[in-house]
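Between the sequences and the hints, there should be enough to build the whole structure, so can you do that?
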Amino acid sequence: MKPFLVFLFGTLATAFPVDSIELDPELALRRVNITERMPDLEERQASSSINQLIENRGKGYFGTATDRGLLQREKNAAIINANFGQVTPENSMKWQSLNPSQGQYNWGDADYLVDFAQQNGKTIRGHTLVWHSQLPQWVANINNADTLRQVIRTHVSTVVGRYKGKIRAWDVVNEIFNEDGTLEAPEADPSCRLYINDYNLDRSGVSKVNLMRYYVDKWISEGVPIDGIGTQTHLSAGGGAAVQGALQQLATAAVTEVAITELDIANAPTSDYNAVVQGCLNTPKCYGITVWGISDKDSWRTGANPLLFDSSFNPKAAYNSIVTLLS
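According to mature numbering (1 follows the signal peptide of the UniProt record, and there is no 0), the sequence shown holds residues -20 to -1, 1 to 307 in order.
In short, the hints are calculated from the structure, not lab data.
Glycine included, C-beta positions come from ideal geometry on N, C-alpha and C.
Errors might be hidden in some of the hints.
[Claimed, not checked] Here are the in silico distance ranges between beta carbons for each label pair:
(1) Asp126 <-> Asp290: 44 to 52 Å
(2) Gly218 <-> Leu191: 19 to 27 Å
(3) Asn190 <-> Thr138: 17 to 25 Å
(4) Gly88 <-> Ala125: 31 to 39 Å
[To be verified] List time: in silico DSS-like cross-link candidates among lysine-lysine, alpha-carbon distance up to 27 Å:
(5) Lys188 <-> Lys198
(6) Lys265 <-> Lys188
(7) Lys55 <-> Lys198
(8) Lys146 <-> Lys265
(9) Lys265 <-> Lys198
(10) Lys296 <-> Lys55
(11) Lys144 <-> Lys265
(12) Lys265 <-> Lys55
(13) Lys277 <-> Lys296
The structure is reproduced here in structure tokens:
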């Protein structure tokens, strides 16, 4: 600061000490009230955290998908810390991201998410160990069933073992009924819950829900360790009302829990979001809800605006309606 400005500010401070200026009593009271009513953004959101509210209703969490690049943006991290109790890696734990070349694992992005969660008291859902998409080419090129089976087992054991004790539940198989991998995970981390996760499980009585229910019971009876069924719940507007029926049908399987794992709804209608949340509340086995992203700015459904925060990171009407519902 230039010497003249230092001199000027010092002179003014001496001439007009703050303590000597008396405010009109009414203005003074307003100043106190304004100060008390103006917490920062994170505090405002935390005062109506949907995670805390849903925990108060007996559920495990209200979570969100994220990843390292998103967490390194201050606004995203603040929203997660204030509003969500669980994180799911959107991409960093998928096979292509972790193990693009045979024998070479890239742990940096996944480790970052796990460290963030542990430092901030967030539960983690691991996503996903085996999926036909985002599969390394070297795995896709394997044409021997026994070799593929062993490669899957090794991958599952390696990844689950690295994060042993840090991840509450794993999507072991995603969007598929018949790939192997479920048998290795319990040995690598006996404490984690093992899920089958799939899409279009949003309406009771449809063939996919019927088949999921049937095969999960069949596999469990054959000794396959399956703890939960995840329904992704990527919905169009108007699709929320049917979710409760689907959840309750899936919950009749011999699993200990079900979960909504990738929720987003085109244009984020409040009625649909409320119906989905109420559906989980009304299903005793529904452990928690994860929305598939923080804000519309980074949603995989470009232009659909399906999430609870808009592209400027402001809570939307759907978020506020969930707060009201859970309160």
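* Which hint numbers doesn't this structure obey? -> Structure breaks hints 3, 7 and 12.
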